[in-house]
Amino acid sequence: MTDLSTRDWLLSAAPTTRRQARLGALYQGWLTFRSNRLAMLGLIILVLLALMAILAPDLAPYSPTAQNLADRLQPPSARHWLGTDALGRDILSRIIWGSRVTLFIVGTVALISPIIGLLIGTIAGFAGGWVDQVLMRITDIFLAFPKLILALALVAALGPGIVNAVLALAITGWPPYARLARAETLAVRNADYIAAARLQGAGSFRLLVGHVWPMCISSMIVRVALDMAGIILSAAGLGFLGLGAQPPLAEWGAMISDGRTYILDHWWVAAMPGLAIFIVSLAFNFLGDGLRDVLDPKGGAE
Amino acid sequence: MSAPILEIRDLRVWFGNPPDRVDAVKGVDLTVARGESFGLVGESGSGKSTILRALAGLAPTWSGTITVDGESLRGTRRSPAFHRRVQMVFQDPYASLHPRHTVDRVLSETLRLQGMDDIDRRIGKLLDDVGLGRGFRFRYPHQLSGGQRQRVAVARALAGEPALLLLDEPTSALDVSVQAEILNLLADLRVERGLTYVMVSHDLAVIGHLCQRLAVMQGGLIVDQLTADDLRAGRADSAYTRELIAASRSYAGREA
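If you're matching them up, the sequences are chains Y and S in order. With the UniProt record's numbering, the residue at position 282 of the first sequence is 282, and numbering never jumps. With the UniProt record's numbering, the residue at position 60 of the second sequence is 60, and numbering never jumps.
I should point out that these hints are in silico values taken from the structure, not numbers from a laboratory. Don't take each hint at face value.
What the hints assert, rightly or not - Listed below are several chain S residues computed to face chain Y (Cβ distance under 8 Å; list not exhaustive):
1) 97
2) 100
3) 102
4) 104
5) 114
6) 138
7) 143
Where is the CB? At the ideal position from N, CA and C, for every residue including glycine.
Chain Y extracted, bound-state conformation:
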């Protein structure tokens, strides 16, 4: 080990421990990912976003809620880099604080929806028969409604607010994941390696969790990364309609909504948070593309 570099150790074709095999597979994936420049750009943007959210109190030059009516609707300047909104609040500070809200939304929805979808989809695909029929018809019912309309109905019932908006997005977001997971499950359920494990006496639960899930999870991760942009936009849409984040909470969608009134004379009020949403959505899409190269089992390497 002493005369081997870490790199050789990681790329060894004959790993000697479980840990080395796992780390080697991860490193191989990282090399593939790194060779995709756009994916790296996306990753860097998202790391910056995360740092921005963590360091918001230190980075923001002003309080996101401090009003200064004397300075309202100021264009971008040295004092207010991105200008001020109708209540004289610094837009840059609001965008920086808003990144926390955005990350909260994205993180929560991206955790809840795919997990519901994975459970329902793999159980339906693996069990087959009437279980499949019942679960997929329920999925169809959810799919039959436009997502935002259903989310609107849920938020209207639960009451406006950021947490309810996130819940509504998560509950309406799972059906596509269920479909995807079911399709992946159907592709592997009759594979010889499943038959072999069954012949060793493996039960359905073990087969589902240990053998079917690993084959579904990579395509789910890619799908989630690509859907992140849509989640941000939906959350912004709810915020725009006044059903998401409530004032004075700085949320990017709600900020655009506030700026709408002045869009012709004071374009920056709506454009700056719009630009933030645009950049982050794009970054998630780049990341998703890169992850697809790394994780797709049909792609070869891994």
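Position chain S against the provided structure of chain Y, taking the given hints into account.
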């Protein structure tokens, strides 16, 4: 003579429902003695692999009786005792290993399922037994060649120390040189461990190499049963078998 390890009476296997029902096996009787190596030969679609799949619980609809070591089988559920007694090596080693599981994971899960202890030592021994060596333990299937994968599949089948091994064309997806390696490995393992083989193949030479007795199948029925000596001497009852032997010889002759 002790009781046969495998006894099949009037086995019928079908897929689908009328009017699309396909009868793959149409009434087959077979007896395999303990320690014997039995071959099933036939063309594609003759139902030879289907018999193995029905036996292993992988064919949903069948009728007749299958008795393994005195235990009578029903439907597709198999008892823990059956899983210990009977294992299978699949045709395509590229499809029979989970692409995201290392060799270690495959074997340790199998050993655990079979209720074995001392897993580390057993994995090392299994890898040695199939001629891979311990260096292969933590590799993923994509880091293995076809022959190496099939050795892993054999190790997995042997992990629970079964008495009866079902071999579903274990060499047909491999290169000719690798085929010979795997066949020799299987022949050696059988002698060492006193295993019983039921092997399916479309290749008479492969069956002749490994099996003492064989049955020839055509259209879901057994048309002939003969010994390896009969095969070598060309003694066969049915016209189909004689044709098969002649075809196999002329092919081998052309190759040589």
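Quick rundown of the hints versus the structure:
no.	hint	result
1	97	holds, 6 Å
2	100	holds, 4 Å
3	102	holds, 5 Å
4	104	holds, 6 Å
5	114	holds, 7 Å
6	138	holds, 4 Å
7	143	holds, 6 Å
Of the numbered hints stated above, none is contradicted by the structure.
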